[in-house]
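Protein chains: 2
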Amino acid sequence: MSDTAQQAIIDGASRLYIIIGDPVAQVKSPGVYNPKFADAGMNTVFVPAHVPSAQFDEVMRGIMRLGNLDGLMVTVPHKSRIMPLVDRILPMGAKVGAINAIRREADGSWTGDMFDGTGLIRGLTRRDISMKGRKVMLVGAGGGGSAVAIAVADAGAAAVSVFDADSAKAEALAARITQHYPACIVRHGAVAFEGHDTLINATPIGMAPGDGPPVPLDGLRPDMLVIDIIMKPEVTPLMAHARALGCAVIGGKAMLEGQAEQVVEFYRIGAAP
Amino acid sequence: MSDTAQQAIIDGASRLYIIIGDPVAQVKSPGVYNPKFADAGMNTVFVPAHVPSAQFDEVMRGIMRLGNLDGLMVTVPHKSRIMPLVDRILPMGAKVGAINAIRREADGSWTGDMFDGTGLIRGLTRRDISMKGRKVMLVGAGGGGSAVAIAVADAGAAAVSVFDADSAKAEALAARITQHYPACIVRHGAVAFEGHDTLINATPIGMAPGDGPPVPLDGLRPDMLVIDIIMKPEVTPLMAHARALGCAVIGGKAMLEGQAEQVVEFYRIGAAP
Numbered sequence: 043m044s045d046t047a048q049q050a051i052i053d054g055a056s057r058l059y060i061i062i063g064d065p066v067a068q069v070k071s072p073g074v075y076n077p078k079f080a081d082a083g084m085n086t087v088f089v090p091a092h093v094p095s096a097q098f099d100e101v102m103r104g105i106m107r108l109g110n111l112d113g114l115m116v117t118v119p120h121k122s123r124i125m126p127l128v129d130r131i132l133p134m135g136a137k138v139g140a141i142n143a144i145r146r147e148a149d150g151s152w153t154g155d156m157f158d159g160t161g162l163i164r165g166l167t168r169r170d171i172s173m174k175g176r177k178v179m180l181v182g183a184g185g186g187g188s189a190v191a192i193a194v195a196d197a198g199a200a201a202v203s204v205f206d207a208d209s210a211k212a213e214a215l216a217a218r219i220t221q222h223y224p225a226c227i228v229r230h231g232a233v234a235f236e237g238h239d240t241l242i243n244a245t246p247i248g249m250a251p252g253d254g255p256p257v258p259l260d261g262l263r264p265d266m267l268v269i270d271i272i273m274k275p276e277v278t279p280l281m282a283h284a285r286a287l288g289c290a291v292i293g294g295k296a297m298l299e300g301q302a303e304q305v306v307e308f309y310r311i312g313a314a315p
Numbered sequence: 043m044s045d046t047a048q049q050a051i052i053d054g055a056s057r058l059y060i061i062i063g064d065p066v067a068q069v070k071s072p073g074v075y076n077p078k079f080a081d082a083g084m085n086t087v088f089v090p091a092h093v094p095s096a097q098f099d100e101v102m103r104g105i106m107r108l109g110n111l112d113g114l115m116v117t118v119p120h121k122s123r124i125m126p127l128v129d130r131i132l133p134m135g136a137k138v139g140a141i142n143a144i145r146r147e148a149d150g151s152w153t154g155d156m157f158d159g160t161g162l163i164r165g166l167t168r169r170d171i172s173m174k175g176r177k178v179m180l181v182g183a184g185g186g187g188s189a190v191a192i193a194v195a196d197a198g199a200a201a202v203s204v205f206d207a208d209s210a211k212a213e214a215l216a217a218r219i220t221q222h223y224p225a226c227i228v229r230h231g232a233v234a235f236e237g238h239d240t241l242i243n244a245t246p247i248g249m250a251p252g253d254g255p256p257v258p259l260d261g262l263r264p265d266m267l268v269i270d271i272i273m274k275p276e277v278t279p280l281m282a283h284a285r286a287l288g289c290a291v292i293g294g295k296a297m298l299e300g301q302a303e304q305v306v307e308f309y310r311i312g313a314a315p
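Just so you know, the protein sequences line up as chains A and B, in that order. Position one of the first sequence corresponds to residue 43 (my numbering), numbered consecutively onward. Position one of the second sequence corresponds to residue 43 (my numbering), numbered consecutively onward.
I should point out that these hints are in silico values taken from the structure, not numbers from a laboratory. Any given hint might turn out to be false.
[Claimed, not checked] Taking beta-carbon pairs under 8 angstroms as the criterion, some of the chain B residues facing chain A (in silico):
1) 67
2) 109
3) 250
[Unchecked claim] Covered by chain B, per the in silico footprint, the following chain A stretches (three or more residues, Cβ under 8 angstroms):
4) 72-78
5) 84-91
6) 222-228
[Claimed, not checked] In silico negatives: residues of chain B with every beta carbon more than 12 angstroms from chain A:
7) 90
8) 91
9) 102
10) 136
11) 170
12) 209
13) 262
14) 286
Ideal Cβ positions, reconstructed from N, Cα and C, are used throughout, including at glycine.
With the rest of the complex left out, here is chain A:
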């Protein structure tokens, strides 16, 4: 209840965007997108909806028929499950196998895409960092890791090595990268820094108080780029260690900002009608 441009004043004609998750209370996107709608002069509000997993299909069938709903954002654990409910999935979403933003087209149909990984690439590009030719050691093959891996390969990485404590997940993600980017050298298995110039953490390890780095950091070199997609804390134990060593270090803010830019474009916020 402070800044006057934080969100549109809601009336009967307001259009809706809804972020769905289970839970949803932790999401930050209303605070990201409501000011953008307000700045664009749009009578549109972005609200959270707690969609219980056990009733996902029934709830979504209802929500997606609302006449004044223009878009959805999707968070854990619904990013894959939402896919059959949209009419059209853009290439990045199809390659990742999950989507996190959906818009309603003029004809009423729904288009979905995934911006978790490409948002990171956009954020890096804004900081003049390219993935072209890089040899990436990726830690974490869950939802975030999958999106990052595909986006990194798509951005021209020469090699992507995947580690996950669940080795089946790492193997499945490696196969998915190879399927879509056969020229990329893909490995999975143990963590290795040798032969890699980039380390990306896509696990949640580093968020909780008392967490250490997600993997042992022996062998990390000062010439390596270290990226952590964790938003909070702003400096994770991995980032602190890498900075002390002299590495270039990028935190979760880059991904957040890059993704917001892309989603604004995808939702056509402020675009001429």
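Assemble chain B onto chain A, guided by the hints.
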């Protein structure tokens, strides 16, 4: 985008109230209830949802399962159709046969009630006008007229006469009043001012530019109370005529304000948890 207390700033933990209608763009309730939630310091927003009649059941089954939905407001044409979807209907809603506000109870169940008519009674009470012993000529037996008729009888009117251009509707409403208030003298048929001390317009006639009064006003007397439930314009042709004649005249604002007071109580906005 002006006053800072107009509504809560939306975040992931925001709770939702949704007003459903088809159409919904005309509703004023977001502007009525959002400031009340904000003033009460509640992280709650009230948003409109266009629920197409053709997909009512499917949409409502979805919406009512949202984990962060605390209440619904219902407008035309859904006020009767929503009834089977709630667990409990309070007496006024049951007597009217329609509900316009629904709240989620602590146990997750839904309670609905109708405030269209009792809101008018509250607004009149605030103006020191009682319905006790009154002989009311009611014009209009649609949704608004039904709610007003039952509330007027409930508030102690001695007689209620119902006129509607659709005489079957007038007859059905008369039967409904008699069923619940057997001591009230109920008639239906032609408009008559003789034997009545109060005229209530519950039709939309008077809203459109060029509209005249809803019925011929020959025989209206200066000693009569004239009530028009139309919100816009503030002074309808009926009200202008009645004022010129010297009648006491009450416009739609009384009903709007009275209903808002009651709905705030029903939703327990600002109440201790």
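Would you list, in rising numerical order, the hints stated earlier that this structure does not obey?
-> 3, 6, 7, 8 and 9
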